[in-house]
Amino acid sequence: MAILRGKFSKTGEMKYISHLDIVRLFHRVLRRAGINMSYSQGFNPHPIISFATALSLGVESQGEYFDLKLDEEIPFREFKEKVNEHMPRGIKIVEGKYIDSKQDSLMSMVEYSDYKIALDFSVEEMNERLVKEWIAGFLEQETIMITRKKKKKRRQRRQEYKEVDVKPLIKNFTVEKVEGRSVVFHTLLTTGSKGNLKPEDLIQLFEKYVQNQSASKELEQPLEIMSKRIKRNDLYHEVNGELKNLIDAVR
Amino acid sequence: MKEEMMKVQIDDLLMNVEKPARYLGNEMNAAHKEITRDMVRFAFAFPDTYEIGMSHLGMQILYHLLNEQEDIFCERVFSPNEDMENLLRKNNRSLFALETKSPLKAFDFIGFTLQYELSYTNILNILEMGNIPLFQKDRKEEDPLVILGGPCSYNPEPIADFADIIVLGEGEEITLEIVNLYKEMKKNQKYQKSEFLQEVSKIEGVYVPSHFTVEYHMDGTVKAVRSIEENGGTKNLKKRIIEDLDEAYFPDKILVPYIDTVHNRVVLEIFRGCIRGCRFCQAGMIYRPVRERSLDKLQKMAHDLLQNTGYEEISLASLSSSDYTEIEALIKHLIEINQEDHIGVSLPSLRLDNFSKEMIEEIQKVRKTGLTFAPEAGSQRLRDVINKNITEEDLLTSAKEAFEMGYNNIKLYFMIGLPTETDDDILGIKDLVYKVLNEYHSVPKEQRAGGLKITVSTSTFVPKAFTPFQWEEQITLEEIHRRQSLLKETLTHRSINYNYHDGKTSVVEGAFARGDRRLSKVLHRAYRLGCKFDGWDDRFNYQKWMEAFELEGLSLAFYSHRNRGYEELLPWEHFDIGVNKSFLINENEKAKSEEVTADCRLNCSGCGINKNFTTKRGVC
Chain A
1 MAILRGKFSK
11 TGEMKYISHL
21 DIVRLFHRVL
31 RRAGINMSYS
41 QGFNPHPIIS
51 FATALSLGVE
61 SQGEYFDLKL
71 DEEIPFREFK
81 EKVNEHMPRG
91 IKIVEGKYID
101 SKQDSLMSMV
111 EYSDYKIALD
121 FSVEEMNERL
131 VKEWIAGFLE
141 QETIMITRKK
151 KKKRRQRRQE
161 YKEVDVKPLI
171 KNFTVEKVEG
181 RSVVFHTLLT
191 TGSKGNLKPE
201 DLIQLFEKYV
211 QNQSASKELE
221 QPLEIMSKRI
231 KRNDLYHEVN
241 GELKNLIDAV
251 R
Chain B
1 MKEEMMKVQI
11 DDLLMNVEKP
21 ARYLGNEMNA
31 AHKEITRDMV
41 RFAFAFPDTY
51 EIGMSHLGMQ
61 ILYHLLNEQE
71 DIFCERVFSP
81 NEDMENLLRK
91 NNRSLFALET
101 KSPLKAFDFI
111 GFTLQYELSY
121 TNILNILEMG
131 NIPLFQKDRK
141 EEDPLVILGG
151 PCSYNPEPIA
161 DFADIIVLGE
171 GEEITLEIVN
181 LYKEMKKNQK
191 YQKSEFLQEV
201 SKIEGVYVPS
211 HFTVEYHMDG
221 TVKAVRSIEE
231 NGGTKNLKKR
241 IIEDLDEAYF
251 PDKILVPYID
261 TVHNRVVLEI
271 FRGCIRGCRF
281 CQAGMIYRPV
291 RERSLDKLQK
301 MAHDLLQNTG
311 YEEISLASLS
321 SSDYTEIEAL
331 IKHLIEINQE
341 DHIGVSLPSL
351 RLDNFSKEMI
361 EEIQKVRKTG
371 LTFAPEAGSQ
381 RLRDVINKNI
391 TEEDLLTSAK
401 EAFEMGYNNI
411 KLYFMIGLPT
421 ETDDDILGIK
431 DLVYKVLNEY
441 HSVPKEQRAG
451 GLKITVSTST
461 FVPKAFTPFQ
471 WEEQITLEEI
481 HRRQSLLKET
491 LTHRSINYNY
501 HDGKTSVVEG
511 AFARGDRRLS
521 KVLHRAYRLG
531 CKFDGWDDRF
541 NYQKWMEAFE
551 LEGLSLAFYS
561 HRNRGYEELL
571 PWEHFDIGVN
581 KSFLINENEK
591 AKSEEVTADC
601 RLNCSGCGIN
611 KNFTTKRGVC
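Quick mapping for you: the protein sequence lines, in order, are chains A and B. Counting along the first sequence from 1, when you hit position 44 you're at 44 in my numbering, and nothing is skipped either side. Counting along the second sequence from 1, when you hit position 387 you're at 387 in my numbering, and nothing is skipped either side.
Just so you know, not all the hints are guaranteed correct.
[Stated by the list, open to error] 25 Å max Cα-Cα, derived DSS-like pairs, lysine-lysine: (1) B:K101 <-> A:K228; (2) B:K253 <-> A:K228; (3) B:K253 <-> A:K82; (4) B:K253 <-> A:K92; (5) A:K80 <-> B:K101.
Just so you know, the hints here were simulated from the structure itself, not pulled from any lab data.
Chain B with its partners taken away, still in its complex shape:
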């Protein structure tokens, strides 16, 4: 639908960069099409390295979905690594899409997936390296349309100034609706950007940020979000979901990279949503309701994907795989594949108490790595606050069983800085870890494996939009450091290894997770100061971020370290994720009184999702 442009020449650069295979674009199952005049060209951009982007299942789904349409050609774009970026900039060459090496300007759409807040500067970098004006208001008729989606688009305000279109919810259906509308308007010669944005905003789940203005109170909180369009409103700003996963599109092949990536295997997505309702977890809220794929469908998917990729390994993806209703049958099937076809099976950590003894032994046959547990908090009190329904007994029993079976490697994940957390809770982490250690020593020497390794990792709690903790303050940097040191000083045993993230990234992530539209300017400023790859500890620059906030006259503490009241209009409240605000308030109150909420299968807690959406093969 656009004039064809000269391809970007990179042959002379490839020998001067690390892992040139990142830029070839001809991997197994990559799409190759002849470019025609009436083809819609879509660049799927992942704002991180090739190795991370290629591990993302969502990209694989949308890539093949779009490419199965005759007159759409979807190509991939990743953030170039530093060496390639420097060479492209030095030689004045545009960033390109992998398949055809076309410059980004040759595309009708550039679609970004928002996987984590700290990737936002990479989005600006990709646009700039593609010679596309960063701010939406500066882009011309012939510039590509910038479309954003993914988990962070449930609060897209901090990046709204850069987007033409933001997609709320699951992308399989809505992406095609948007592209098809564009195609029709172009074909009938009715296309004009403003007209298109008008029309596309009528699709449920489409947010056109330039159609809305935000007003603020004197204290900086949001006063109102208003549509500036005639007949405009917020009624369409409701997330989209796939009602029936068995019927939903899923490719029978996926791209197979040449180089090693983070998840280099077939991944079966077994269900969406989560029954657990952990109060800190954004995924657990935004991906509601629970919808499962049938066992039959999964078996067929496994067969096709392995056949069409030649992959040597398969694993499962979901928020909590043990909760799949037919998990035992599914695992049996995977073990059969393992035995018959020499395919490695990498199983996620499963709650072993759900399984028979024989099943556990079967699982151990194929499990290669150690065990992972995520109690998230060190004390039962705090686990009740966050509604993580895992008891000390569960954990210790499972750990002991694992040690008895000869495992000597166990990983434990916790969060620090959770609401109501005290030093006692932090020391509770230490106590729990030492109890696990004691379980190991209680197994007779001849039965257990030597060389025990317990890895304890803490991440810092970041309150997220649309969770029961969305009103809570995040602890300050000083406090993060203090609590990390407190734990570090007590975890001194030689078998224990304690890892933690620098808190500086967490507080910036916190600001963007619950930020408003004014943060677009901070983001732009930080990018101009040189911030990039902020999710990478070695490249994150806290000083520059602080400078960016200061130069824009905004305070990080206002966004990250402030307690919000229920009456405050939150910057994301014009979006509807199907979970009622009253439910989130109720959950927050229950957290304060340390009351737990049962999982969705045991007892419906009335979050509202089943009234707002209909689904098949789910819980609701």
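So that you can see chain A by itself, here it is in the shape it has in the complex:
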């Protein structure tokens, strides 16, 4: 019995495959590759594999993780070769390490997600200084409120909502590059059981803030986001005040 922690990328068209479908895809690819997986007991046996955290549809990633239980260890290089041969283009196993069975689950280890966000704005020439001012102003707000659906109680019909302050969840939000109408941002967001902010939500909050700002300054045309591309760089766990990715964190 062995548990392999693997890291994989999900790029290109694969960003359109939902989390649930990725789970099923892994089952099938691993079976095709002839990997000696351990199965759960019972009438409906299934491979024992778990993933770190779901990625929204349309988001690419260089840092996704899984823990897979195998009947016995096989060299990671061999595993990687066999599996990548059967993976569709866009999904690639890149790194792996056998971990102790008492190791915390991926899901409980995830604390931060690191994203690159590229946005195209409706204004042809974006001004870098202005964008930086917006970010500073956005982060200087006392609170950054978002409306979220409340979990429905049993037998509850009507959806209830609550206001949540997500400002503490934004660990970093900076501009990387401005070119014409396109702006590339970098952000580090709290992810997992201690709080969760999705990059799409951050973009929406930021867009709303910027629109309010520009409305007061009576800009000629309303500022809108025309298109967005989001890529997750990696997932982190904090070890002694230092951020480490989910494989490095167990080295």
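For this one, chain A is given, so just place chain B on it according to the hints.
Only chain B this time, still in chain A's reference frame:
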């Protein structure tokens, strides 16, 4: 064989549609080829959603068959879901094939499978969204050839005006013959559409509807179907079958979708045809004769398909799996696969009386869902009329055994509106259901599982071409509603759940199932009025269909609710399915006198199929 065309851009649309994975076209085992000048490009179009089309075994077979040929490239097309359709139309973009995103016009052939009559408007929609003229007569030399096949092509007249070529029978051989002929004529620069249609009509099983005209009597019935070609006739209009299923092409891999589909698993087709001869069943007549795959072949197929797909589940396909001669050995093999390779086995409902006690226990080990029975009619009298040779005792014994083994979920399927049906027969359904309920209560409490659920479903009988009931009238909408209410009022027990389909779809289906060529105009009109996805209850619009009939001066009742005489020339009689008309008449008469006909293995009933076709590993 055509100029290459610009691909359709969809990247900017995918984030704005539900389940974008429907449109990617790069699933496991999808074909990818470099497009060359002398390649024949074939678009296999399924006129329904991706989830339904991908579950269709016929598409999987023909897709891989065509793609194994070096100079043919077959791609897939499905009806786009509403969100994608709206975006494509709004942005003036053509419908595309999944693999290369080429517009439909880039193809040499668009092949549609006719699985059910209520998908016909989707065919028109696919053509229109591909910028292809709908009517065959309006299409130009450079437009793709529209080719139709599948079970509804045994009476293709209602959709004939839209087709260049209609294929009768099983497609594995004839599709290649047609494409190869096209390829040859193109290569030798002899190709012209009219010349090609001339040549292709010489292939047995090929129907070129534009080569025939239909004349009608004053009362609207068909007077004659005539060939307008020199030396033309109907002698080639005979269905094609595969003589030996073991030798027939079957892919060793199938497409594996990313998203969940209706049948998301390996499916083993164990035999074609059916020995039972139920008189309402079109499949039971048109797919004759019975031809089985050998156990060896099936074992190899199961192994290869599981290996090449990574699927976690396998199931069987046939019209009546219990009738496979080596069913016990086959199931044993599947159970071995289940135990050794962690593969789920989903078995169809089997007649448990054929099996040993140990076998039943083995089966129960892998069966996940509840039991399903299809007595079809509520009284023994009516079951004799339709030749459904299942007795009340069979059903109750099986149900009891299942309850004893801890099952608490049972589904019962019936039809309403069968010929000769009376209110007593309808109430017979109720009686039978309550008897099943009593069987459950007769099992000691500690032995049975709690929470019994009996699901009763009725569909409305639709008379179909080439069945013994092809002359019968279908009951009217009012009558369908009355009989459904009658049953509904009596099935009130809290463990019983009664489902039924809206009768409105059934009467439109009925008209198209036995319609003539004039219905092409009604179909076109309904499409123009906005009808689409008619097989989906939430999208079907009865008012628009009625309006379409009225605007074209035709009556639905003439097609659906009229009793035909044996002497009437039926719109599909120029086709030969190998089952003689005299047999169908004889079966219809026996139905009227409540006489049953034995299954083909017990006693040949002389339907004529064995004189018209030769086969291997079958009954005949």
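Against the structure, the hints come out as follows:
1. B:K101 <-> A:K228: With Cα atoms ~23 Å apart, K101 of chain B and K228 of chain A stay inside 25 Å; holds.
2. B:K253 <-> A:K228: Answer violated: K253 of chain B to K228 of chain A is near 38 Å, above 25 Å.
3. B:K253 <-> A:K82: Measuring from Cα to Cα gives roughly 19 Å; hence the hint holds.
4. B:K253 <-> A:K92: holds, 23 Å
5. A:K80 <-> B:K101: Violated - the C-alpha atoms of K101 of chain B and K80 of chain A are around 31 Å apart, more than 25 Å.
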